[in-house]
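*Asks:* According to mature numbering (1 follows the signal peptide of the UniProt record, and there is no 0), the stretch in the sequence shown is residues -17 to -1, 1 to 200, in order.
The set of hints was computed from the structure by calculation and includes no laboratory data. The reader is advised that the hints may include incorrect statements.
Stated by the list, open to error - Restraint-style ranges between C-beta atoms, simulated for each label pair:
hint: 1; residue 1: E107; residue 2: A167; range: 35 to 41 angstroms
hint: 2; residue 1: W6; residue 2: A50; range: 17 to 23 angstroms
hint: 3; residue 1: V31; residue 2: A162; range: 48 to 54 angstroms
hint: 4; residue 1: D4; residue 2: D52; range: 36 to 42 angstroms
hint: 5; residue 1: S131; residue 2: E166; range: 22 to 28 angstroms
hint: 6; residue 1: T168; residue 2: D23; range: 58 to 64 angstroms
hint: 7; residue 1: T168; residue 2: Q133; range: 29 to 35 angstroms
hint: 8; residue 1: S131; residue 2: A11; range: 34 to 40 angstroms
hint: 9; residue 1: I44; residue 2: E99; range: 22 to 28 angstroms
hint: 10; residue 1: A167; residue 2: I58; range: 37 to 43 angstroms
hint: 11; residue 1: T168; residue 2: K136; range: 49 to 55 angstroms
hint: 12; residue 1: L29; residue 2: E172; range: 52 to 58 angstroms
hint: 13; residue 1: V31; residue 2: Q122; range: 15 to 21 angstroms
All C-beta atoms in this analysis are idealised placements derived from N, C-alpha and C, irrespective of residue type, glycine included.
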Amino acid sequence: MLKPLAATLLLAGPAFASSDDAWAEFAAEVESACLAAAGDTLSDALAVVDPFGSESYGLAIVSGRTANDAPASMICVLNKQSRAVEIGGELAIRVSDRGPEPLTAEDTDKAALTGELFCSFEAEARTLLFAAGNVASDQPAEAAVKLSGQPVKLSVDGGFDAITRGAVFTDHAATAEVAVTGEATEGGESPAYPATLTVRPEEGPEMAAEGLWRCGP
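Using the sequences and the hints, build the whole thing.
*Replies:* If you want it as structure tokens, here you go:
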């Protein structure tokens, strides 16, 4: 989180008035002053000026990206009398990282995967990747993930034997990597291994989830 920042700029400009032209001029002044005050903290900044204002100050929200490329928003206040600008600390506004979309039974049916044995990546009781392959086969194993509400079929060489301890499935639309991170937490014919699923769409942000990788009949 950004540390609170106090920046004061003394500006020369006309006094605030109630006419549309005067307000537009003052709003432009608020925008310019707030962008200048936030310039050392945020890059690619945009300022949205409060259209209502008040008798004593102008207000804007300045949004941009921090030095580590994280999105951030800050409040900016311009005193109408002194023309002093104050920039506050980062507001508690965040863009949540989206995780991979869960698959439904209809999605897996639509993907029409080929194989006699199956694997699935599960997180919070939801299936995020479903895979199928044939044992001792050169036919690629296939997998399905969901992107933008639609199932996408991926594949990896080596058949079922190549995916039981994780794999990287690819297609022109995306790459999905299952990385096993520990020993089996359950026994039986379909043991569950702790794993990480990372989905990298050709277009769009990378998505990741922690869960269990399970393969078997």
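*Asks:* Could you run down the list of hints and mark each one as holding or not?
*Replies:* Hint-by-hint comparison with the structure:
Range check, E107 to A167: about 19 angstroms between beta-carbon atoms, so the 35 to 41 angstroms window is missed. Hint check: W6 to A50, Cβ distance near 34 angstroms, so the stated range 17 to 23 angstroms is violated. Checking the proposed 48 to 54 angstroms range against V31 and A162 shows it is violated: the Cβ atoms sit about 41 angstroms from each other. Distance hint check: the CB atoms of D4 and D52 are about 39 angstroms apart, consistent with the given range 36 to 42 angstroms.
Checked against the given bound of 22 to 28 angstroms, the beta carbons of S131 and E166, roughly 35 angstroms apart, lie outside it. T168 and D23 have their C-beta atoms about 49 angstroms apart, which leaves the hinted 58 to 64 angstroms range violated. Look at T168 against Q133: about 32 angstroms separates their beta carbons, and that is inside 29 to 35 angstroms. For the pair S131 and A11, the beta carbons lie near 39 angstroms from each other, so the given range of 34 to 40 angstroms is met.
At about 57 angstroms, the beta-carbon gap between I44 and E99 misses the expected band of 22 to 28 angstroms. The beta-carbon spacing between A167 and I58, approximately 51 angstroms, falls outside the hinted interval of 37 to 43 angstroms. The hinted window of 49 to 55 angstroms between T168 and K136 is violated, with their beta carbons roughly 29 angstroms apart. The beta-carbon spacing between L29 and E172, approximately 56 angstroms, falls within the hinted interval of 52 to 58 angstroms.
The hint said 15 to 21 angstroms for the Cβ distance between V31 and Q122, and at roughly 55 angstroms that hint is violated.
Checked against the numbered hints above, the structure violates hints 1, 2, 3, 5, 6, 9, 10, 11 and 13; every other hint is satisfied.
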